[in-house]
Amino acid sequence: MKTAEAIAPCVLWVDEIEKALSGTGDTSGVSQRILGNILTFMSESQCGVFVVATCNDPSALPSELKRKGRFDENFFVDLPTEPERVQILGIHLQRFGIHLESEYLEAIAANTTKFSGAELETLASEAALLAFDEGRPQQVTLADLEACRQTITPLAIQDAAAVERMQAWASTARRASSPVVAAKTQSLRAAKFRNMN
Numbered sequence: 001m002k003t004a005e006a007i008a009p010c011v012l013w014v015d016e017i018e019k020a021l022s023g024t025g026d027t028s029g030v031s032q033r034i035l036g037n038i039l040t041f042m043s044e045s046q047c048g049v050f051v052v053a054t055c056n057d058p059s060a061l062p063s064e065l066k067r068k069g070r071f072d073e074n075f076f077v078d079l080p081t082e083p084e085r086v087q088i089l090g091i092h093l094q095r096f097g098i099h100l101e102s103e104y105l106e107a108i109a110a111n112t113t114k115f116s117g118a119e120l121e122t123l124a125s126e127a128a129l130l131a132f133d134e135g136r137p138q139q140v141t142l143a144d145l146e147a148c149r150q151t152i153t154p155l156a157i158q159d160a161a162a163v164e165r166m167q168a169w170a171s172t173a174r175r176a177s178s179p180v181v182a183a184k185t186q187s188l189r190a191a192k193f194r195n196m197n
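Numbering (full-length UniProt numbering), first residue to last: 1 to 197.
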């Protein structure tokens, strides 16, 4: 925390915060002290450190961290919609120099309903590798994508209960792509621009 304060203003990104605090019931007290330090920092720090945390399992967070006011806002990133899956696949295929016609992307997106963004990235990567192994670098076909799709079981199917719990928690959060979030983002950008001049 002292490093963040020293370089403020900055964003302090805590990735998968529930993992850092998973042992809050341990007997050594280390996790409790970490949690205490985070809570104190978040409530008392006035030095320009903006704390952002990601979480894959909100139910694993200590209640002290979940109460309203601890974080200004909670956002939920759900599984991508079909148009979002088309875009995600296109982006990841382009990383390999592959450009597919939109109808092919739409066809595979229609068959990846429960895929997360990371699983779509894996699908694109495996299809690119398959084409490369078959002597067709940068020439991925719909058949390649479909063959690779069949080898991936999305987490939303493997652990449906956990995904459903997270989606239920989402009713207390704001969708990351909601109009309110877009308006706040525009407002923050405008304020930042004004402060730069």
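Just so you know, these hints were derived from the structure itself, not from any lab.
Warning: the hint list may mix true and false statements.
To be verified - As a list, the in silico EDC-like pairs of lysine to aspartate or glutamate whose alpha-carbon atoms are at most 16 Å apart: (1) Lys19 - Glu44; (2) Lys114 - Glu146; (3) Lys66 - Glu134; (4) Lys114 - Asp78; (5) Lys114 - Glu82; (6) Lys2 - Glu44; (7) Lys114 - Asp159; (8) Lys114 - Glu73; (9) Lys114 - Glu164; (10) Lys66 - Glu146.
Against the structure, the hints:
no., hint, in the structure
1, Lys19 - Glu44, "24 Å, violated"
2, Lys114 - Glu146, "15 Å, holds"
3, Lys66 - Glu134, "50 Å, violated"
4, Lys114 - Asp78, "10 Å, holds"
5, Lys114 - Glu82, "10 Å, holds"
6, Lys2 - Glu44, "13 Å, holds"
7, Lys114 - Asp159, "11 Å, holds"
8, Lys114 - Glu73, "26 Å, violated"
9, Lys114 - Glu164, "12 Å, holds"
10, Lys66 - Glu146, "41 Å, violated"
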